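Line order of the protein sequences matches chains G and S.
Position 262 (the first sequence) corresponds to 262 in our numbering; numbering is contiguous.
Whatever position you read off the second sequence (first residue = 1), add 1000 for our numbering.
Worth double-checking, as some hints may not be accurate.
The list that follows gives simulated cross-link-like pairs (lysine-lysine, PhoX-like), each with its CA atoms no further than 25 angstroms apart [claimed, not checked]: (1) Lys1025(S) / Lys340(G); (2) Lys1075(S) / Lys1062(S); (3) Lys1105(S) / Lys238(G); (4) Lys238(G) / Lys1108(S); (5) Lys1079(S) / Lys340(G); (6) Lys1079(S) / Lys1062(S); (7) Lys1105(S) / Lys340(G); (8) Lys1102(S) / Lys340(G); (9) Lys146(G) / Lys1025(S); (10) Lys238(G) / Lys150(G); (11) Lys1062(S) / Lys238(G); (12) Lys340(G) / Lys238(G); (13) Lys146(G) / Lys340(G); (14) Lys150(G) / Lys1025(S); (15) Lys150(G) / Lys340(G).
In case anyone wonders, no lab produced these hints; they're calculated from the structure.
Keep in mind that this is a model prediction, so the values were computed, not measured.
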Amino acid sequence: MKIVFRKPSHIIVTILVMSAILIVIFANAQAKATSMGEIAAPSSEPAPGEPADIEASMTAMMAAVSKAPPTPNTDPCLHCHIKGEEKGIWTPLSRWVLFGSAGLFFAFGMYRSASVWRTRTHWKPITTRAAEWVDERYEISEPLSKVLSKPVPNYALRWFYCLGGMTAFLFVVQAVTGILLAFYYKPTPEAAYASIQYIESQVSFGAGIRAVHHWAANGMIVMCIAHMLRVFIMGAYKPPRELNWVTGVVLLLVTLVFGFTGYLLPWDQRAFWASTVGSEIAGAIPVIGDLALIFLRVGWDVTAQTLSRFYALHVIVMPILLLVFMMGHFMMIRRQGIAKPL
Amino acid sequence: MVAKTPHDKEDSIPFFPDHITTEAKVVVGMLVVVLAIAAYGMLSPVGLGDPADPMNTPLHVKPEWYFLALYQLFKYIPKTAGVVIPLIAVIMVVLWPFIDRKPDKSRKTQMIRFIIAAVGVIVFIIGTIWGEVS
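With these hints in hand, go ahead and build the complete structure from the sequences.
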């Protein structure tokens, strides 16, 4: 389906109509918000410069003093607040079910009608057409099928071959929960502690998300070490897979740095002093010790700068490093196949 | 392509959909565990200690459990040695495949490596427990 603008005037008319609709919607929302005390109503009082009736202004002032100010909006759900609804589970749930199923029905109808549209010769689902359209341009189906049809040896179905994959899965869990936590976390000494309290007490499922991030971090290290022991015992690092072992060790080290930098972020006593001692240990490295210490702490003490640096390392630098080395790790596995046990 | 891979077609399954299905089962299992952890976390949150106070050093500072064994090591040997020993250990681990290059001939070599790994793990666990109780 294509909307065709045959004349420029069509575009102008369309823009006008759409902006009119937007203005109506905005004005409506504004009026609703005003009636709910969201924002101040437009003042009908005369501007301060203009001469005004003293009596009228006095009564207005008295009214303003006697009337209590509207209670500030503490409701985090703006939607429900503006709508003035009691928040419960059933209203949103039934709405989701109703409109969701209607939407699915509509989407399915669109899909069907788009599939039969202009197909005189032979019927094809629109998704097949889309795939063909993409493949015509990028020619990915052949390499993709090669990648997907690569044979995997039967011995790789034993349970201890899935430890590395579980580590990768836990990393995905860490990434998702980490992003969710980063929406609310504030990396400053004044706000960090309170923001985590806020996550645990106010944010929906916040305590669960933080618990998953906390425990899956430990699980990731356990899985990483278990995978490494499996590879070590079975001798899967032997030529030609030396570099895969090296990248694996780097991945373990990066995971440990993740743990170390993430440990400071709650900014409680335990975090603060563990990081102090940890960076002190880094400072004991011969020759480059002081440099390492100053790099970690941004100065001689653990301060707000340290928190910022650890946060940046934790959410930007380490994920990039981990992804790069993970890609190398996985591509080498694909290239060389899974090592054959004795 | 078949000649390059170390295994024959007979004792292998295609990556898609057979192997992917197996992996998906593992992923679903892990997801159940993760959701269980989330439910547990909702009931008893991870929580926080006292807010950080740079002026007040607590009596017992402890790192995460995976650094505990290392931390215990630092208590008993001079600082520089305490840093150099783990560094050398890490370098050894990184360079291990370049040292142990011969392909395995029998189960004996695997057994030896298993014993090495077991000793390492036991030492690590003892160090961790020691660090936890001390």
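Status of the hints after comparison with the structure:
no., hint, in the structure
1, Lys1025(S) / Lys340(G), "holds, 23 angstroms"
2, Lys1075(S) / Lys1062(S), "holds, 12 angstroms"
3, Lys1105(S) / Lys238(G), "holds, 12 angstroms"
4, Lys238(G) / Lys1108(S), "holds, 16 angstroms"
5, Lys1079(S) / Lys340(G), "violated, 43 angstroms"
6, Lys1079(S) / Lys1062(S), "holds, 17 angstroms"
7, Lys1105(S) / Lys340(G), "holds, 13 angstroms"
8, Lys1102(S) / Lys340(G), "holds, 15 angstroms"
9, Lys146(G) / Lys1025(S), "holds, 23 angstroms"
10, Lys238(G) / Lys150(G), "holds, 23 angstroms"
11, Lys1062(S) / Lys238(G), "violated, 38 angstroms"
12, Lys340(G) / Lys238(G), "holds, 11 angstroms"
13, Lys146(G) / Lys340(G), "holds, 22 angstroms"
14, Lys150(G) / Lys1025(S), "holds, 20 angstroms"
15, Lys150(G) / Lys340(G), "holds, 16 angstroms"
The structure is inconsistent with the numbered hints 5, 11, although it conforms to all the rest.
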